[in-house]
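K.L.:
Protein sequences, first through last, are from chains E and L.
Using our numbering, the letters of the first sequence correspond one by one to residues 4 to 121.
Using our numbering, the letters of the second sequence correspond one by one to residues 8 to 514.
What you were told as hints is all true, and nothing was included just to trick you.
Short derived list, chain L residues pointing at chain E, Cβ under 7 Å:
{"#": "1", "residue": "P384"}
{"#": "2", "residue": "H388"}
{"#": "3", "residue": "F399"}
{"#": "4", "residue": "L404"}
{"#": "5", "residue": "P414"}
{"#": "6", "residue": "T424"}
{"#": "7", "residue": "E436"}
{"#": "8", "residue": "K437"}
{"#": "9", "residue": "P453"}
{"#": "10", "residue": "I457"}
{"#": "11", "residue": "Q458"}
It should be emphasised that the hints constitute simulated quantities derived from the structure, not laboratory data.
We put the beta carbon where it would ideally sit given N, CA and C, even for glycine.
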Amino acid sequence: MAVTANYEYVGVPADTLANFHGNQIVYACWDQHLLLAAPFICFVTPESLFKDMVTGSIMPLLESDPDFAAIDWSKVEWLKSNQPFTPDFEASIAGNGIGHKDQVRFRTPNLNTLRAID
Amino acid sequence: MDMKATKKKIGMKEKYRLLTRDLGWETTYQTKEDIYPYATYEGIKIHDWDKWEDPFRLTMDSYWKYQAEKERKFYAIIDAHAQNNGHLNITDASYLSALKIFLQAISPAEYASHKGFARVGREFPGVGPQVACQMQSIDEIRHAQTQIHAMSNYNKYYNGFHAFADQRDRIWYTSVARSFFDDAMSAGPFEFIIAIGFSFEYVLTNLLFVPFMSGAAYNGDMATVTFGFSAQSDEARHMTLGLECIKFMLEQDPDNLPIVQKWLDKWFGRGMRLLTLVGTMMDYMLPKRVMSWSEAWEIYGEENGKALFNDLARYGIRPPKGWDLTGESKEHVSHQLMLGLYQWRFGTSFHGWIPSNDDMDWLSSKYPNTFDKYYRPRWDHIKKLEAEGKPFKNYGLPKLCQTCQLPALFTEPGDPTSLCQREVTYKKEKYHFCSDSCQDTFNQEPEKYIQAWLPMTQLFQGNSGGGGLDAWMDWVSLQDGVDNGDYHGSEDQKNFDAWKSMTTSNK
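Please model the complete structure; the sequences and the hints are all you need to start from.
P.N.:
Structure (structure tokens):
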């Protein structure tokens, strides 16, 4: 049984899509850039465009990082659920196959101002 | 003249027997199973409850006597502290951030522990543990009360103390402690006793109390030192009870070993995450510091733990999973969490600040392998942003770990430049974790953890005040611009400095 209990026990998940009133959660993380301490939540509709999530939810949060201005968004490497992924910026979140509570990570290999002092 | 005959006094041993074991009885018209319905479902096998050895042999009458004496002393000192403006004897009001976190996260945990021990005292079929758990339950509520009373004096003068009970349930950084106790209390009695009685009280409590109370003493906080002393003798008893419990389970049946080991692994991991809060207090929030988190872990974790697990090895117990990882993580976790608490300081009911140059030099000396390499560059950049008039705030609400409920801000073992990212799909729902340990705990009992009340996702569901940051702040009783934000320029700082200067000058 998936929980130690004295009868057959089934839990109710707290964060299902239906609880978000037409929106969904997408987690985003800029790899190797830890000025933002943790991956953050993008609160979007499944129909919204990927590019709008990037410009509307992701980019404003990155401005404090000294590497932000140097990001070439056409060369960013993306991961979805930790697997390489090529997003279609003109397609929707759903169209890109990004489900509720999925995480997208992005990598900018040559930018590492605050990474570590060797 | 005739001598009056005195009745023979009952010996200690006899008195103990009468006031503990003799209180039990064999049931006649109800089955044992009906009276103790939670005693077997966890799989722990107990053959003879009478084999239980009471480590302290304490009876209720002597318990009341000792505790009453401690209460008298405690309240005498607390009164003196209040009457003599003891709050002005602390090194600096920035110290109070540590106390606020303690009151919001740890004192309610004492209360939760009181409820838990009352419950398991009822659920265990043996008289020995029933009595011991009952006493610990009363200890725990006393600890919650004395802590609240001690800190209520600060609440008269400083911000951020006023809504600790609501904030325990509602604000985000306390959920690591709340979920820890919710998890234990929704487990069976044996897991509870391993979680709280053994893993927390025995393995980890010294890390909470000893450095924290020394920190209070170093920083002139007599109120906290006093509740620390008042609780200390209880803690010794709790630790002994925890150790007795685990030995009793292991001696009763060999089948208990894998279950106990599984719980040890889980609760050690959960405890280490909870203690990260203590690490940040020690490294960043004490104006006069006692020792670093890393040093505290070496003394109270590594050394004591090594002896303990050597002792338990004869039962087949090995050190908990993740034990070896602490050698690396002790040099990182406090910095990682403090950088998080600082950047989300608009949402904390305590003040944050950028460490001063002296503080950073102290951190470099205590963390020669990590601070200058990984963390000073970030603080320096944050300092630069502040100097440019762009104080750094992160309005990105963090991904929380489904198990420990802290923001997923811990790095990958072996790579301090990458966050540890773990995810699991269970019944078509995705769940995220901050570590292998938290993921393992979830995988053991997913039906439990899928219900986790995560502060961040609840906010987006509209369950935390209705939506938006202002409504959320009202809902968590956080007064914007008063309780939260930077220490420098805060009301707490201004008031403390003004009042303190009145005690040392004629202005």
